[in-house]
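Q: Letter by letter, the chains look like this.
Protein chains: 2
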Amino acid sequence: SKRIIAVLPGDGIGEEVTAEAVRVIEKLNAATDAGFECVHVPVGGTAYDLHGTPLPEDTLSTARDANAILLGAVGGPKWESAPRELRPERALLGLRSELSLFSNLRPAILYPELADASTLKPEVVSGLDIMIVRELTGGIYFGGPRGIETVDGQRRGFNTMEYTESEIKRIAHSAFRAAMQRDKRLCSVDKANVLEVSELWREVVTKISSEYPQVELSHMYVDNACMQLVRAPKQFDVILTTNMFGDILSDAASMLTGSIGMLPSASLNADGKGMYEPVHGSAPDIAGQGIANPLATILSVAMMLRYTFTENAMADKIEAAVQRVLANGLRTADLAREGETPVTTSEMGQAVLDELV
Amino acid sequence: SKRIIAVLPGDGIGEEVTAEAVRVIEKLNAATDAGFECVHVPVGGTAYDLHGTPLPEDTLSTARDANAILLGAVGGPKWESAPRELRPERALLGLRSELSLFSNLRPAILYPELADASTLKPEVVSGLDIMIVRELTGGIYFGGPRGIETVDGQRRGFNTMEYTESEIKRIAHSAFRAAMQRDKRLCSVDKANVLEVSELWREVVTKISSEYPQVELSHMYVDNACMQLVRAPKQFDVILTTNMFGDILSDAASMLTGSIGMLPSASLNADGKGMYEPVHGSAPDIAGQGIANPLATILSVAMMLRYTFTENAMADKIEAAVQRVLANGLRTADLAREGETPVTTSEMGQAVLDELV
Ligand SMILES: [Mg+2]
Ligand SMILES: [Mg+2]
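Protein chains in written order, with the numbering used here: chain E, 488 to 844; chain A, 488 to 844.
Heads up, a few of these hints could be off.
A pair counts as met if it fits within one copy or between any two copies, since identical chains are not told apart.
Straight-line Cα separation of at most 20 angstroms, DMTMM-like style, residue types lysine to aspartate or glutamate; simulated pairs [what the hints assert, rightly or not]:
1) 694 / 652
2) 694 / 636
3) 565 / 710
4) 656 / 639
5) 694 / 610
6) 656 / 636
7) 514 / 821
8) 694 / 683
9) 489 / 649
10) 489 / 698
11) 565 / 670
12) 721 / 821
13) 656 / 703
14) 565 / 585
These are computed hints drawn from the structure, not numbers from a lab.
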């Protein structure tokens, strides 16, 4: 059976960073019988310029037929005046909902070589390796009723935070499976002391845990979780949480590392199909200069190998190659400190290729 | 007119820390014509033991008749098996709602002398002085409809995040007034790119800002705000936000300081009446030993002077006295580093009194 990867470079530095990631995939093809096939299609502002929509039908069907999607980044000032429903970012929402990508995996890893980049003390964050599993297609961002109404002569804004048992079950399974691939500790974050939706969340997650007896489950309130991320982030292995809490916590966790150019992400459906993309955006200010950091996108390929293709050995090899490149002192501009000479996007990509053995 | 302060020591270390704060108030009485009158009443588990309820009618009416309330802390393992509606913590909810204390002021201050205690690098947090204004009686914690229902054979949990224009207006005024007392920069935190309730929030806050032309208003999404608190917390002066976002952000901000024993708080109504309390809890593990840190409660008195009695000069004096005590090297056990000999609760209280000139 074919192993098709839809490559959606998108906008800004998306083109440059996915190019390096594709070179990594091609090297795996050459060195093994992995047999990955990459199909390039446009998305975001680039697709809007070509076809009048950020998510053309051909792009969506290519993504749907593929086993995995590698996305660069979308957006930029060029498309800020586009109608709201045709903005580049809508393509991401469209892909997530059309492909039911409900499980967002957001690792926060801080390689000891880059510990300096964090605003936290090195002993608190060096070697950090946590994974936040965020529910991505439900919760208050999508719940109803919602709106702004007028009651007794004054307006009232309202949104609904909601989860059904089946929504909680599927994200819980996804998080337990991720924990099984790691240190087998899962912390579910909610606000069950105040919110009924969290009460149900906690009950269902606890029930699912009986199917994963090797995983140690704990629960934490969201305000405390945010404190603990600042106080002692290395206490966590996998954090499971809702869409909105995950939005907040995963951004906080990524900032703990101080190196957003290093962070990959995955958005998975129930069958392990996934969209993989760097956390950083399209960075229009440095696009086209060949200086962007391709490591987050290359590490997104490692996640793809692990979570969609269960090629854990290949994933390990990519991650080890990245680590060696950093240990060798290579730094793109975003990582370089004063006095360090930055390498280009393709030099960094080539260095990873050279370490991939 | 009388200036009555209801003193509610509560449970655990509450008694010890409020005693030192009352000595500060008495010294102000002796040295000036301030004329504060302290009335002591029980609250929390202590009140439950005495009267079978954590918020006796006499305590509530004393609090209602007072100009300000000084609260120690409530709760402890002794009362964990009490019925839910009679738990010590219910007294806080009762006081907040009965007195309409909708504006929660949570400063996060890190004295340079204590910068080491933070998990963040000293240059990032030393001298931190921000104020989070959290709406305390509305939002998703109180909104309806809410519950767990069964639809098509499966359960669905739901809560409602809601704000009316008048709720937003009054908390906005409170935040703008706080900003006027400080550096005159207000950052309103919401999720207006996704939530209608935030859209209304942003619109109303923006409208109210025209009444405070001296205050510079900005807006930030909650996920970004949480990142910015980790990345560069000193960029903020006053942060205004909703109940739940404020719950998360104020706890994260307090953890930035690393010294939760130092942090005061205020909960105000529309008339400037307020309840003042340390952020730390009742700490039953060290209760009765005379080693608790009284500074958060003493700093709560400073907030009381500033926000209820508009005695800014007195507030300044207390804060300056605390700073000098720290500069002199005095540390209670929670602040003492290896090799430093901690002082007792009353020694710390006495040191502040001695510096109060
Ligand atoms: Mg976010
Ligand atoms: Mg809290």
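Q: All the hints need checking, so say for each whether the structure fits it.
A: Now the hints, each set against the structure:
{"no.": "1", "hint": "694 / 652", "in the structure": "within (11 angstroms within a copy, 41 angstroms between copies)"}
{"no.": "2", "hint": "694 / 636", "in the structure": "between (38 angstroms within a copy, 18 angstroms between copies)"}
{"no.": "3", "hint": "565 / 710", "in the structure": "neither (38 angstroms within a copy, 24 angstroms between copies)"}
{"no.": "4", "hint": "656 / 639", "in the structure": "between (40 angstroms within a copy, 16 angstroms between copies)"}
{"no.": "5", "hint": "694 / 610", "in the structure": "neither (36 angstroms within a copy, 46 angstroms between copies)"}
{"no.": "6", "hint": "656 / 636", "in the structure": "between (33 angstroms within a copy, 17 angstroms between copies)"}
{"no.": "7", "hint": "514 / 821", "in the structure": "neither (26 angstroms within a copy, 56 angstroms between copies)"}
{"no.": "8", "hint": "694 / 683", "in the structure": "within (17 angstroms within a copy, 34 angstroms between copies)"}
{"no.": "9", "hint": "489 / 649", "in the structure": "neither (38 angstroms within a copy, 50 angstroms between copies)"}
{"no.": "10", "hint": "489 / 698", "in the structure": "neither (32 angstroms within a copy, 65 angstroms between copies)"}
{"no.": "11", "hint": "565 / 670", "in the structure": "neither (44 angstroms within a copy, 36 angstroms between copies)"}
{"no.": "12", "hint": "721 / 821", "in the structure": "neither (24 angstroms within a copy, 22 angstroms between copies)"}
{"no.": "13", "hint": "656 / 703", "in the structure": "within (17 angstroms within a copy, 46 angstroms between copies)"}
{"no.": "14", "hint": "565 / 585", "in the structure": "neither (26 angstroms within a copy, 53 angstroms between copies)"}
The earlier numbered hints that this structure contradicts are 3, 5, 7, 9, 10, 11, 12, 14.
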